[in-house]
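Asker: Take a look at the letters that make up each chain.
Protein chains: 4
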Amino acid sequence: MSEAKFTVESLEQRLAAGPFNRWLGFKVLKIGDGELELKATWREDWVVNPDRRYTHGGILAAIIDVAADYAIAIELGRPVPTIDIRVDFHKAAMPGDVIAKAKVVRMGSQYATAEAYVYDKDGALVASGRGTYYTAPPPAAKPKNL
Amino acid sequence: MSEAKFTVESLEQRLAAGPFNRWLGFKVLKIGDGELELKATWREDWVVNPDRRYTHGGILAAIIDVAADYAIAIELGRPVPTIDIRVDFHKAAMPGDVIAKAKVVRMGSQYATAEAYVYDKDGALVASGRGTYYTAPPPAAKPKNL
Amino acid sequence: MSEAKFTVESLEQRLAAGPFNRWLGFKVLKIGDGELELKATWREDWVVNPDRRYTHGGILAAIIDVAADYAIAIELGRPVPTIDIRVDFHKAAMPGDVIAKAKVVRMGSQYATAEAYVYDKDGALVASGRGTYYTAPPPAAKPKNL
Amino acid sequence: MSEAKFTVESLEQRLAAGPFNRWLGFKVLKIGDGELELKATWREDWVVNPDRRYTHGGILAAIIDVAADYAIAIELGRPVPTIDIRVDFHKAAMPGDVIAKAKVVRMGSQYATAEAYVYDKDGALVASGRGTYYTAPPPAAKPKNL
Chain G
11 MSEAKFTVES LEQRLAAGPF NRWLGFKVLK IGDGELELKA TWREDWVVNP
61 DRRYTHGGIL AAIIDVAADY AIAIELGRPV PTIDIRVDFH KAAMPGDVIA
111 KAKVVRMGSQ YATAEAYVYD KDGALVASGR GTYYTAPPPA AKPKNL
Chain D
11 MSEAKFTVES LEQRLAAGPF NRWLGFKVLK IGDGELELKA TWREDWVVNP
61 DRRYTHGGIL AAIIDVAADY AIAIELGRPV PTIDIRVDFH KAAMPGDVIA
111 KAKVVRMGSQ YATAEAYVYD KDGALVASGR GTYYTAPPPA AKPKNL
Chain L
11 MSEAKFTVES LEQRLAAGPF NRWLGFKVLK IGDGELELKA TWREDWVVNP
61 DRRYTHGGIL AAIIDVAADY AIAIELGRPV PTIDIRVDFH KAAMPGDVIA
111 KAKVVRMGSQ YATAEAYVYD KDGALVASGR GTYYTAPPPA AKPKNL
Chain A
11 MSEAKFTVES LEQRLAAGPF NRWLGFKVLK IGDGELELKA TWREDWVVNP
61 DRRYTHGGIL AAIIDVAADY AIAIELGRPV PTIDIRVDFH KAAMPGDVIA
111 KAKVVRMGSQ YATAEAYVYD KDGALVASGR GTYYTAPPPA AKPKNL
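Protein chains in written order, with the working numbering: chain G, 11 to 156; chain D, 11 to 156; chain L, 11 to 156; chain A, 11 to 156.
Hints are not guaranteed to be accurate.
[To be verified] Which bits of chain A does chain D cover? Going by a derived footprint, with three or more residues having C-beta under 8 Å, they are: (1) 85-96; (2) 135-149.
[Claimed, not checked] Covered by chain L, according to a simulated footprint, are these stretches of chain G (three or more residues, beta-carbon under 8 Å): (3) 45-51; (4) 133-146.
The set of hints was computed from the structure by calculation and includes no laboratory data. It should be emphasised that the depicted structure is a prediction, and the values quoted were computed from it without experimental measurement. All C-beta atoms, glycine included, are put in the ideal place defined by N, C-alpha and C.
Given only the sequences and the hints, what does the whole structure look like? Please build it.
Answerer: Set out below in structure tokens:
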């Protein structure tokens, strides 16, 4: 495992630069041992079912995507485009902040696989998933003289 | 294909009952021929990258989940719990409303598969995916006397 | 849609070059209109359940992977590495040959998405799925002098 | 974690009852700590590419499906129908037996999620994935008099 390219502060700042990530209220809890831990801050807008009031699956999918992506970012120094994701929903997530724990399954020079698990405020697993991410250098990063 | 259990108006109303679906600004464009067509209304909060300004993958995943779920709902008369989803990202979705077209791949009495395609305002495919949904009757729907 | 880079005969020959594809007994039924149609030839070894005798899901997953891959191959002129696949199982596939229909969802210069549907001998949908494929030129294809 | 419903011997026997699982040459290496470890025995028929001779992705997908399914089986006492799977391919698997390590991500009374990792003979991760399995009691298991 290479050294982390972000600190808790610099990663949180990077996340806060994106409007939707800011809207999800991400806090970085831990970077280390090849694992990233994020908190997302609950808001009323997350609710899908007005009676039972649990969180929309799309919110959990977004959190899994971000956590897995940034687990790669702490190795690469930048977030990367998502190619595809799979998300499994395990349990209704009732109102409250959630914690995502993510790690890289396999890093590659062209694409990588990372996974994340999301827990509710009582520590119950509410969703998990994995994605394929595009890790090849972006066109802009290629040397000008080639 | 059974008859649609929702009209454009009743489905839009049902969608608007959920805070996150309301936040995504869903309009129902078409119900019929076993296909559902929804529009989601762009907002600045959708942006993931402040420079290039394209839409967060989590937003597209949420739209795919909702469209596929409601393609089932128009057959069953109610939206259903998502068991899992897969989403493929094909192209950066630039600012603007998006259109989702969804249909049921296979309806079952215990679970069903449905898919959705999302297009940007120029008609380009930006994401697509499919999910497994739990279609068994909810506990509350069971007759009281059993 | 670009012109097909394989004929029915040349694609069948290419498939037969690989031991496991040969074992699956692929016949090419149709290439055209952006869609590929393959038949896989049932054998007793496919059975998972000795009593009910339906086909192993792994066999159906392999057939979906191959059909989706070769839908890309007819555009690119070569099969490509699979990055990931998702397969949904819709119905037990009883003994008998199966037909796979595949097409490209989105072709890209780095990776592509393709999907396939598998039908039993009565035309019932037994499984379907989609995969992400690595379409960048292989290292060996790079000019030697770079 | 409930007690294992199979021993190494009884699970290996159960696996060997199915023709395709027998063809894959499964040996049970370990049951315990909520994890199942299987070995699948390489054969020439696994090869996809006659020049480079690596194993077909469909074989790895089948192994992942079986390992994840039987991780559930050791808790439930029976293998269960696969609803859907996702498989990520990390590295070409060269000729040789492979080891699969599987565990249950979340057990449920209607459906469950399980995952598996596949390693080559040098211990390198070649593929991984997860599936949703149908855990509700089969119709045949319902009491006759209801």
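Asker: Checking C-beta pairs, does the segment 45-51 of chain G have three or more residues closer than 8 Å to chain L?
Answerer: violated (count 0)
Asker: Mind checking, does the segment 85-96 of chain A have 3 or more residues with a CB under 8 Å from chain D?
Answerer: holds (count 3)
Asker: Within the assertion that chain D covers the segment 135-149 of chain A, do at least three residues meet a Cβ-to-Cβ distance smaller than 8 Å?
Answerer: Holds, because 3 residues of the segment 135-149 of chain A bring their Cβ atoms closer than 8 Å to Cβ atoms of chain D.
Asker: Can you tell me if the segment 133-146 of chain G counts as covered by chain L, using C-beta to C-beta distances under 8 Å and a minimum of three residues?
Answerer: holds (count 3)
Of the numbered hints stated above, the single one contradicted by the structure is hint 3.
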